[in-house]
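Going left to right, the sequence shown walks through residues 1 to 341 as the numbering used here numbers them.
Please note: incorrect hints may appear among the correct ones.
[Claimed, not checked] DEER-style ranges, computed between Cβ atoms:
1. Ser340 / Lys226: 19 to 27 Å
2. Gln271 / Arg204: 29 to 37 Å
3. Trp278 / Gly149: 34 to 42 Å
4. Glu193 / Gln271: 32 to 40 Å
5. Thr337 / Glu150: 48 to 56 Å
6. Lys123 / Ser316: 41 to 49 Å
7. Lys314 / Lys148: 32 to 40 Å
8. Arg325 / Gly149: 48 to 56 Å
9. Leu186 / Leu268: 37 to 45 Å
10. Val83 / Thr146: 38 to 46 Å
11. Glu334 / Phe225: 25 to 33 Å
12. Arg29 / Gly313: 16 to 24 Å
13. Thr337 / Thr81: 18 to 26 Å
Simulated from the structure, these hints should not be mistaken for laboratory data.
Cβ coordinates follow ideal geometry from the N, Cα and C atoms, glycine included.
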Amino acid sequence: MLSNPVKDVKRLNEIVSILIKYGFGDMMRRMGLSNTVEQASRLIRSPISNEMLNMKPPARFRCAIEEMGPTFIKLGQILATRVDLFSPMMIHELEKLQDDAPVMPYEEVEPLIAQALGAPPAKVFRYVNETPLASASIAQVHEAMTKKGERVVLKVRKPGVRRTIEADLRLMHSLARLINIQSVELRRYHPEEMVREFERSLRRELDFTIEAKNSERIARNLRKFKWLKIPKVYWQWTSESLNVQEYLQGISAKDPEALDRAGLDRELLAQRGSQVAWKCMLEDGLFHADPHPGNFYALPGNGIAMLDFGMVGKLSRQRREQLIRLVRAIIFQETDTAASV
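Given only the sequences and the hints, what does the whole structure look like? Please build it.
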């Protein structure tokens, strides 16, 4: 089943042992992984806790995904949009997925920054804040200041991430083929095609130069919105493993009370957010594909800052025209037209 058995069998055992730990061993057996389930069971050092047993299956599934790491967290965040595949309860749990990870000590981060820059950070920047602004599974973010006094953020890719993701993607391809063979019910969702598309998206996200190019392209498309701010890219320091961008500070869209305390107009912010979304999707065909509240900040004067363009979506002209027809049909309650799009 595995395309690279020597490298992948350990990771497969890790993943299956996590699923067993959260009560999904029978699901693995039904997928034809009985032998792997028996092997992985030996890796589990503690029985399922009473607290875990009392959790609903969707909540246990979310916890399992979080423990499995970056590849599966990203997949879970995408699956949270698939209301055609999952129950409302499962969708609700998948929407909670947070890509948070333990902080790497700066002593480990500094050599990564130096390798990407080709020089010690102290020679390039006035200072780098050793306390990170954020730490996710793929990267860690630090504030810094240039020699000219400009505040920037350094997004540095964590070591070993690419290797783990490559192994996980190989396993996903193998599992998708297995599902295609053994599950008539799930075959209609084209699992192999879904994994291929997910792989393309995730590989793009691993290359920070692609993220930087995405941000500049979307910034050009949206330049007419003077209240919209997208961080400037510092290309002289940006590379595949390091993204250096302008530091923007605002209020997260997930903190409505803070928005009110700052005297911001939430309704106006929502209208402006909708303007951005519709222009990106219907006019430009290039849009932010990871629009959770942590990637959007409110700025003074009811401005909006958009961050993190690692995941973008594209719509062909034909798809945009179909979407316009669908939206129009919904507005005018033309059910036959909506069904035919």
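For each hint, the structure was consulted:
{"no.": "1", "hint": "Ser340 / Lys226: 19 to 27 Å", "in the structure": "39 Å, violated"}
{"no.": "2", "hint": "Gln271 / Arg204: 29 to 37 Å", "in the structure": "31 Å, holds"}
{"no.": "3", "hint": "Trp278 / Gly149: 34 to 42 Å", "in the structure": "38 Å, holds"}
{"no.": "4", "hint": "Glu193 / Gln271: 32 to 40 Å", "in the structure": "36 Å, holds"}
{"no.": "5", "hint": "Thr337 / Glu150: 48 to 56 Å", "in the structure": "52 Å, holds"}
{"no.": "6", "hint": "Lys123 / Ser316: 41 to 49 Å", "in the structure": "46 Å, holds"}
{"no.": "7", "hint": "Lys314 / Lys148: 32 to 40 Å", "in the structure": "36 Å, holds"}
{"no.": "8", "hint": "Arg325 / Gly149: 48 to 56 Å", "in the structure": "51 Å, holds"}
{"no.": "9", "hint": "Leu186 / Leu268: 37 to 45 Å", "in the structure": "44 Å, holds"}
{"no.": "10", "hint": "Val83 / Thr146: 38 to 46 Å", "in the structure": "45 Å, holds"}
{"no.": "11", "hint": "Glu334 / Phe225: 25 to 33 Å", "in the structure": "31 Å, holds"}
{"no.": "12", "hint": "Arg29 / Gly313: 16 to 24 Å", "in the structure": "36 Å, violated"}
{"no.": "13", "hint": "Thr337 / Thr81: 18 to 26 Å", "in the structure": "24 Å, holds"}
Consistency with the previously given hints fails for numbers 1, 12, ordered from lowest to highest.
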